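Produce the entire structure from the sequences given, and follow the hints as far as they go.
Protein chains: 6
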Amino acid sequence: MNNNIVLYPGSFDPITKGHQSIALRAAQMFDNVIVAIGNNPDKKSMFPIEQRLRFVEATFQGVPNIKVLSYNCLTVDLCRKENIRYIIRGIRSGMDWNAETAIANANKLLFPPLETLFLLTEPHFVGISSSVVREILTYGGDVSAFVPQQIVNML
Amino acid sequence: MNNNIVLYPGSFDPITKGHQSIALRAAQMFDNVIVAIGNNPDKKSMFPIEQRLRFVEATFQGVPNIKVLSYNCLTVDLCRKENIRYIIRGIRSGMDWNAETAIANANKLLFPPLETLFLLTEPHFVGISSSVVREILTYGGDVSAFVPQQIVNML
Amino acid sequence: MNNNIVLYPGSFDPITKGHQSIALRAAQMFDNVIVAIGNNPDKKSMFPIEQRLRFVEATFQGVPNIKVLSYNCLTVDLCRKENIRYIIRGIRSGMDWNAETAIANANKLLFPPLETLFLLTEPHFVGISSSVVREILTYGGDVSAFVPQQIVNML
Amino acid sequence: MNNNIVLYPGSFDPITKGHQSIALRAAQMFDNVIVAIGNNPDKKSMFPIEQRLRFVEATFQGVPNIKVLSYNCLTVDLCRKENIRYIIRGIRSGMDWNAETAIANANKLLFPPLETLFLLTEPHFVGISSSVVREILTYGGDVSAFVPQQIVNML
Amino acid sequence: MNNNIVLYPGSFDPITKGHQSIALRAAQMFDNVIVAIGNNPDKKSMFPIEQRLRFVEATFQGVPNIKVLSYNCLTVDLCRKENIRYIIRGIRSGMDWNAETAIANANKLLFPPLETLFLLTEPHFVGISSSVVREILTYGGDVSAFVPQQIVNML
Amino acid sequence: MNNNIVLYPGSFDPITKGHQSIALRAAQMFDNVIVAIGNNPDKKSMFPIEQRLRFVEATFQGVPNIKVLSYNCLTVDLCRKENIRYIIRGIRSGMDWNAETAIANANKLLFPPLETLFLLTEPHFVGISSSVVREILTYGGDVSAFVPQQIVNML
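Chains as they are written, first to last, in the numbering used here: chain A, 46 to 200; chain B, 46 to 200; chain C, 46 to 200; chain D, 46 to 200; chain E, 46 to 200; chain F, 46 to 200.
In short, the hints are calculated from the structure, not lab data. Some hints could be false.
Copies of the same chain look alike in the list, so a pair counts if it works inside one copy or between any two.
Unchecked claim - Result set (EDC-like, lysine to aspartate or glutamate): computed pairs, CA atoms no more than 20 Å apart in a straight line:
#: 1; residue 1: Lys62; residue 2: Asp187
#: 2; residue 1: Lys153; residue 2: Glu167
#: 3; residue 1: Lys112; residue 2: Glu95
#: 4; residue 1: Lys88; residue 2: Glu145
#: 5; residue 1: Lys89; residue 2: Glu180
#: 6; residue 1: Lys153; residue 2: Asp122
#: 7; residue 1: Lys88; residue 2: Glu127
#: 8; residue 1: Lys62; residue 2: Glu167
#: 9; residue 1: Lys88; residue 2: Glu180
#: 10; residue 1: Lys112; residue 2: Glu102
#: 11; residue 1: Lys153; residue 2: Glu95
#: 12; residue 1: Lys62; residue 2: Glu102
#: 13; residue 1: Lys112; residue 2: Glu180
#: 14; residue 1: Lys62; residue 2: Glu160
#: 15; residue 1: Lys153; residue 2: Glu180
#: 16; residue 1: Lys62; residue 2: Asp141
#: 17; residue 1: Lys89; residue 2: Asp76
Note that the structure is a prediction, hence the values are computed from the model and not measured.
Encoded structure:
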């Protein structure tokens with residue numbers, strides 16, 4: 046691979062064990078992984094972008110080939126600017142697949158050289174999502190089974 | 046069954062004929078059914094919790110083994126507190142199935158002894174949903190084909 | 046067909062090349078097509094109804110058997126009032142199919158003589174949706190591959 | 046519609062109440078419906094083609110605008126030969142939708158002017174299929190709820 | 046539950062850890078579980094019915110409320126004969142769901158009092174199926190991760 | 046990537062333009078691609094293994110980093126033997142996704158280091174499949190839109 050770098054974009058509101066696993070698997074496959082946190086001001090998030098960034102950075106601290114950043118533009122424009130040709134996304138279910146293919150097809154129209162690779166979420170993580178974490182936090186519940194160990198005490 | 050009680054949780058905003066049918070089928074299967082109305086203050090609802098509760102109570106008035114309550118916590122915490130081991134949910138379509146399995150998998154992570162049972166919605170009710178009822182009501186339409194007879198005059 | 050007229054309802058916020066294609070295919074099949082823009086004041090839209098109407102009218106200017114209107118009632122009530130017996134909708138994916146069948150089943154309950162016909166979106170348009178267009182516009186991107194040529198300069 | 050004729054192709058092994066309903070709905074929409082029974086010698090069928098033909102003919106006897114035939118070629122070649130531009134198919138579920146769109150996409154590649162229209166199976170018929178009928182018949186069960194009244198005594 | 050007995054029907058060609066888990070979960074919920082092995086002579090199986098029966102019996106030996114039998118009739122006729130009102134089935138994915146709902150809807154038409162309950166397969170078993178086991182066995186591979194420990198040495 | 050080689054397994058009965066496109070996209074991403082034709086004697090194929098091999102070889106002749114072979118064992122055993130850690134598969138639809146995830150989950154259980162990567166089929170190829178090609182060939186139709194140009198004259 047001449048251009049061996051992959052983007053892992055998402056909202057990460059907050060990052061989960063499922064996200065962590067996908068990024069680490071990508072880091073085994075690619076020389077460099079960029080975890081890119083979308084900062085769309087029109088979308089409401091539970092955690093402000095600075096906090097989401099801190100969570101993701103804490104999660105991958107010490108992993109040499111994972112870099113973290115936030116962005117505030119179309120994902121394809123980030124790829125163009127950073128000369129990235131691969132996006133990676135995890136899929137838990139048919140619902141995810143439908144949503145992800147809609148995005149991948151749109152990105153392909155906007156930037157044809159871009160390839161989106163899909164990985165299957167590991168079975169023991171299929172019940173995990175940021176929205177479940179947010180709901181548990183709303184009620185003051187325990188999310189330690191859902192988020193990376195590194196951020197449990199930061200929430 | 047030592048612990049023959051099942052929870053039927055939902056928003057019931059408002060209750061529909063589809064919900065009614067699932068609860069009555071559950072009441073044939075279990076000694077006791079608890080219809081539990083989620084009162085999540087972060088989620089906008091058309092009907093305030095008191096009104097949703099009145100609708101559900103009116104629907105099941107006279108059914109001796111169906112009890113109605115509202116709750117304001119995680120569903121798994123309600124189950125823990127009430128010593129409930131079964132949740133029942135109706136499924137109309139693949140879309141429902143995808144959404145429900147995400148919830149069931151998360152609940153299993155949060156409270157492993159909990160079992161979620163799925164029933165197939167009866168075919169003549171698959172076109173019915175609370176969101177359709179709300180849309181019809183918004184335009185002043187007739188919802189008598191969609192909601193239990195007991196609440197038609199209360200809307 | 047005694048009553049050879051078909052309704053193509055939607056939000057069209059804004060109209061895309063995918064919508065355009067469905068309406069033109071319907072116009073080959075039916076004597077008359079009504080493109081009906083739902084003006085639900087409870088739903089937030091990026092473009093106000095007047096603008097969405099101008100976009101759709103510009104798109105089908107010169108197509109003699111396509112008529113454009115906006116409406117502010119249940120779709121079935123529009124059909125009843127205009128004596129329409131057919132609705133046509135395009136489907137891109139399983140996600141669309143699930144959502145559309147929920148609507149079609151509800152409409153059938155509300156107005157039994159109504160038939161909903163589904164067309165498959167042409168493969169080169171499956172990546173196109175109004176929500177993608179809105180996201181691109183939010184970031185000032187180029188939507189000329191996604192919307193009808195007639196409206197590119199109007200956005 | 047200049048060419049107001051629609052093809053309803055299938056194996057009809059044997060015809061069911063679900064098939065009957067789709068054809069009758071199509072007969073309300075189009076001037077002429079051709080129910081076309083595929084006679085692929087490589088596919089095993091329970092009923093030989095002559096018998097399937099008799100069942101379908103008996104079902105639509107007296108319906109003036111439904112014509113029945115069998116064919117032994119690609120469906121698109123039948124359409125080309127008979128100058129047909131529309132195919133109609135019923136869909137019961139996401140499983141059907143996936144299978145049908147694969148066929149419709151292939152047919153579009155083979156014969157671009159062809160349009161496939163999809164109708165939603167009526168809810169009370171979603172449990173009906175030829176394969177269920179064949180299984181019931183294998184065990185000598187009663188299929189009168191599954192097949193047209195006209196053919197119950199012919200099975 | 047007046048009639049607290051549930052049927053778990055299947056081909057069990059051969060029984061897997063996934064099947065075992067569903068039956069054991071059912072045995073916690075119901076007073077009695079009948080694991081019923083369909084012996085349809087028209088369907089090819091890798092293992093003859095006597096062997097499938099031995100595998101299933103070995104799997105549940107010592108579980109007092111699980112009874113095993115084979116049957117050669119429609120599943121609904123077995124239920125009628127044995128006065129059973131509940132069927133239980135596990136679901137791994139949307140593909141399973143689609144197939145299972147087709148069967149459940151057909152069974153409901155054939156025998157309206159019958160209820161089919163669905164359980165979600167546990168995540169660590171979603172990769173397991175009888176057809177995968179058969180394929181591994183064809184090539185002489187190791188199936189000990191896929192079948193109950195009780196039958197590993199019997200294969 | 047230390048071990049920059051990917052396996053693209055399949056039946057290729059026969060190879061299609063869709064398969065060709067996936068392999069070529071993989072050849073851009075990985076240093077080496079192995080197109081591996083499964084030769085399962087229990088599965089009926091239209092073309093014998095020697096012919097399928099010739100078709101695939103003709104298709105990728107002149108592509109330096111694509112190697113072709115046939116195999117007669119479990120796919121995971123081929124990966125173990127050849128020290129391969131990646132499988133790539135194309136997905137056209139939700140139906141494909143369901144089938145592919147079942148296989149990927151089973152492979153993960155059999156050989157945990159193995160990663161399966163999924164690519165979305167390009168939209169203009171979604172109507173193409175080996176089974177459609179076989180059906181067209183059965184009736185003597187023209188498959189030039191479906192198979193690689195290199196093999197049109199070989200069929």
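Consistency of the hints with the structure:
no. : hint             : verdict
1   : Lys62 to Asp187  : within (14 Å within a copy, 31 Å between copies)
2   : Lys153 to Glu167 : between (26 Å within a copy, 9 Å between copies)
3   : Lys112 to Glu95  : within (16 Å within a copy, 46 Å between copies)
4   : Lys88 to Glu145  : within (18 Å within a copy, 24 Å between copies)
5   : Lys89 to Glu180  : both (15 Å within a copy, 15 Å between copies)
6   : Lys153 to Asp122 : within (12 Å within a copy, 34 Å between copies)
7   : Lys88 to Glu127  : neither (24 Å within a copy, 37 Å between copies)
8   : Lys62 to Glu167  : both (10 Å within a copy, 18 Å between copies)
9   : Lys88 to Glu180  : both (17 Å within a copy, 11 Å between copies)
10  : Lys112 to Glu102 : within (8 Å within a copy, 41 Å between copies)
11  : Lys153 to Glu95  : neither (30 Å within a copy, 32 Å between copies)
12  : Lys62 to Glu102  : within (14 Å within a copy, 40 Å between copies)
13  : Lys112 to Glu180 : neither (28 Å within a copy, 26 Å between copies)
14  : Lys62 to Glu160  : between (25 Å within a copy, 18 Å between copies)
15  : Lys153 to Glu180 : between (33 Å within a copy, 15 Å between copies)
16  : Lys62 to Asp141  : within (17 Å within a copy, 25 Å between copies)
17  : Lys89 to Asp76   : neither (33 Å within a copy, 42 Å between copies)
Of the hints listed earlier, those the structure fails to meet are numbers 7, 11, 13, 17, in rising order.
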